[in-house]
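In order, the protein sequence lines correspond to chains E and F.
Counting in the working numbering, the first sequence runs from 1 upward without gaps.
Counting in the working numbering, the second sequence runs from 117 upward without gaps.
Source of the hints: derived by calculation from the structure; they are not laboratory data.
Treat each hint with caution, since some may be false.
Restricting the straight-line Cα-Cα distance to at most 27 Å, the calculated cross-link-like pairs of lysine-lysine (DSS-like) are [said to hold, decoys possible]: (1) E/K95 / F/K173; (2) F/K130 / E/K95; (3) F/K160 / E/K95.
Covered stretches of chain F (chain E as the covering partner; in silico rule of three or more C-beta atoms under 8 Å from a C-beta of chain E) [to be verified]: (4) 136-143; (5) 180-189; (6) 200-213.
Note that CB positions come from ideal geometry on N, CA and C, so glycine has one too.
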Amino acid sequence: KQEVTQIPAALSVPEGENLVLNCSFTDSAIYNLQWFRQDPGKGLTSLLLIQSSQREQTSGRLNASLDKSSGRSTLYIAASQPGDSATYLCATADKRPGGTASKLTFGTGTRLQVTL
Amino acid sequence: NAGVTQTPKFRILKIGQSMTLQCTQDMNHNYMYWYRQDPGMGLKLIYYSVGAGITDKGEVPNGYNVSRSTTEDFPLRLELAAPSQTSVYFCASSHGELFFGEGSRLTVL
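Use the sequences and the hints to build the structure in full.
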């Protein structure tokens, strides 16, 4: 059974700092890995999706990397802003027979606060 | 496109009552999911569907039922509500990338 872990559970950084959020998983046979953002009382918004064959994906100030052999993914946020304050979750998608994605396993998230 | 729409956003139930959480998506996705999110526990999969007429259990299916008569709709039924079902419920759909609804906050008293 896949287990996804995110450390630290909470992080506070001053505005402008670059930061890295970590995600580790126990089963490397994944179909893809996705990073989400969740604001308080809201649903999850997809940030980046990395296919199992890819090493990284970039969107604006966000860069996500994937190392399946070590069971790790990182989300790099450059030049952090107060608006980046939210909970960030990663999730792995299992491989199904035939190669299509199955259900996702989520980490418990990292709560990020960017201070002025 | 509205994306994934869930109703109701909030609901209070008494123990033993039943209700249905509605979920509809307009992206023509085959895959749909129901998750519950409890504080500090992450998201747990309740049920999922890979297409109309096909559903399967996730990690925590007990006390819930689903149906998938159309590609667009994936309602979640709670029978005999219990306090342990107090949670925030999220519906999602996928065609590779996962898209979530805004959530339904359910309290069982």
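Structure-based check of each hint:
Distance hint between E/K95 and F/K173 is fulfilled; the C-alpha atoms sit about 17 Å from each other, no more than 27 Å. Between F/K130 and E/K95 the alpha-carbon distance is near 40 Å, which puts this suggested pair outside the 27 Å criterion. Restraint check for F/K160 and E/K95: satisfied, since their Cα atoms lie roughly 18 Å apart, inside the 27 Å limit. With a cut-off of 8 Å between beta carbons, the segment 136-143 of chain F has 0 residues touching chain E; three or more are needed, and the interface restraint is violated.
A count of 0 residues in the segment 180-189 of chain F with a Cβ less than 8 Å from any Cβ of chain E is obtained; the coverage claim is therefore unmet, three being the minimum. With a threshold of 8 Å between beta carbons, the proposed coverage of the segment 200-213 of chain F by chain E holds, since 5 of its residues qualify and at least three are required.
The earlier numbered hints that this structure contradicts are 2, 4 and 5.
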